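*Asks:* Take a look at the letters that make up each chain.
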Amino acid sequence: GAGVSQSPSNKVTEKGKDVELRCDPISGHTALYWYRQRLGQGLEFLIYFQGNSAPDKSGLPSDRFSAERTGESVSTLTIQRTQQEDSAVYLCASSQSLNTEAFFGQGTRLTVV
Amino acid sequence: GEDVEQSLFLSVREGDSSVINCTYTDSSSTYLYWYKQEPGAGLQLLTYIFSNMDMKQDQRLTVLLNKKDKHLSLRIADTQTGDSAIYFCAETGRGSTLGRLYFGRGTQLTVWP
Chain A
40 GAGVSQSPSN KVTEKGKDVE LRCDPISGHT ALYWYRQRLG QGLEFLIYFQ
90 GNSAPDKSGL PSDRFSAERT GESVSTLTIQ RTQQEDSAVY LCASSQSLNT
140 EAFFGQGTRL TVV
Chain B
23 GEDVEQSLFL SVREGDSSVI NCTYTDSSST YLYWYKQEPG AGLQLLTYIF
73 SNMDMKQDQR LTVLLNKKDK HLSLRIADTQ TGDSAIYFCA ETGRGSTLGR
123 LYFGRGTQLT VWP
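Chains as they are written, first to last, in the numbering used here: chain A, 40 to 152; chain B, 23 to 135.
Simulated from the structure, these hints should not be mistaken for laboratory data.
Just so you know, not all the hints are guaranteed correct.
[Stated by the list, open to error] Using C-beta positions, here's what the derived DEER-type ranges look like:
| # | chain 1 | residue 1 | chain 2 | residue 2 | range |
| --- | --- | --- | --- | --- | --- |
| 1 | B | S73 | A | K54 | 22 to 28 Å |
| 2 | A | S136 | B | Q81 | 25 to 31 Å |
| 3 | B | K89 | A | G90 | 29 to 35 Å |
| 4 | A | T150 | B | L30 | 19 to 25 Å |
| 5 | A | G110 | B | T52 | 26 to 32 Å |
| 6 | B | S50 | A | G110 | 17 to 23 Å |
| 7 | A | R61 | B | R35 | 41 to 47 Å |
| 8 | B | E36 | A | D57 | 44 to 50 Å |
| 9 | B | K90 | A | G55 | 30 to 36 Å |
| 10 | B | T132 | A | R61 | 44 to 50 Å |
| 11 | A | S66 | B | R82 | 30 to 36 Å |
| 12 | A | R148 | B | T132 | 19 to 25 Å |
| 13 | B | P135 | A | Q119 | 46 to 52 Å |
| 14 | A | T117 | B | E60 | 27 to 33 Å |
Note that this is a predicted model, so its numbers are computed, not measured.
Glycine included, every Cβ here is placed at the ideal spot set by N, Cα and C.
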């Protein structure tokens, strides 16, 4: 597609449920990133994928968070047993390679009630 | 660690210049970026500067980098109401954190007509 696409755009879930967030990167971009933006805060790095290399998962805040990417295509971020503190906007970005311009999607606003 | 600091709010009148300031901690960052976020939208890369440059100009935008003081600024000339948004400063990681961007909390720019 023309840009990075994320779905859903909004998600309201009950505490304790699992959620899956999806990111479609720009075609041909080998690097894909997930960030979290809490209300009034900057972006917090979660994870990135670069080609076939092992992903850098060091930003994931707990073992309830996981992410997968199939090849150089779609990525899903899964949050298990959601907590209220998980409420945030989850942003995905992709770039041609590491350290080149990253293009961001519009984000998924997650609200845990 | 990487700590990026920005003032949170800036208000200017239409037609005036805006200057948004940022300080960072990692003197080995390769690139420093300015992103713009409009309400309900993802992040848009405005401009970036390579760490061996002091200044970069791009139409109404001027980026100044003072490596000694680890200070980055974004000047917007002839600010318009359409420039109202949140502006994020970001620096790249190095080595094992190469794939990450470290963001400040963002500066809310309000432009009054």
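*Asks:* Check the structure against each numbered hint from earlier and tell me which ones fail, lowest number first.
*Replies:* Hints 1, 6, 9, 10 are the ones this structure does not satisfy, whereas the remaining hints hold.
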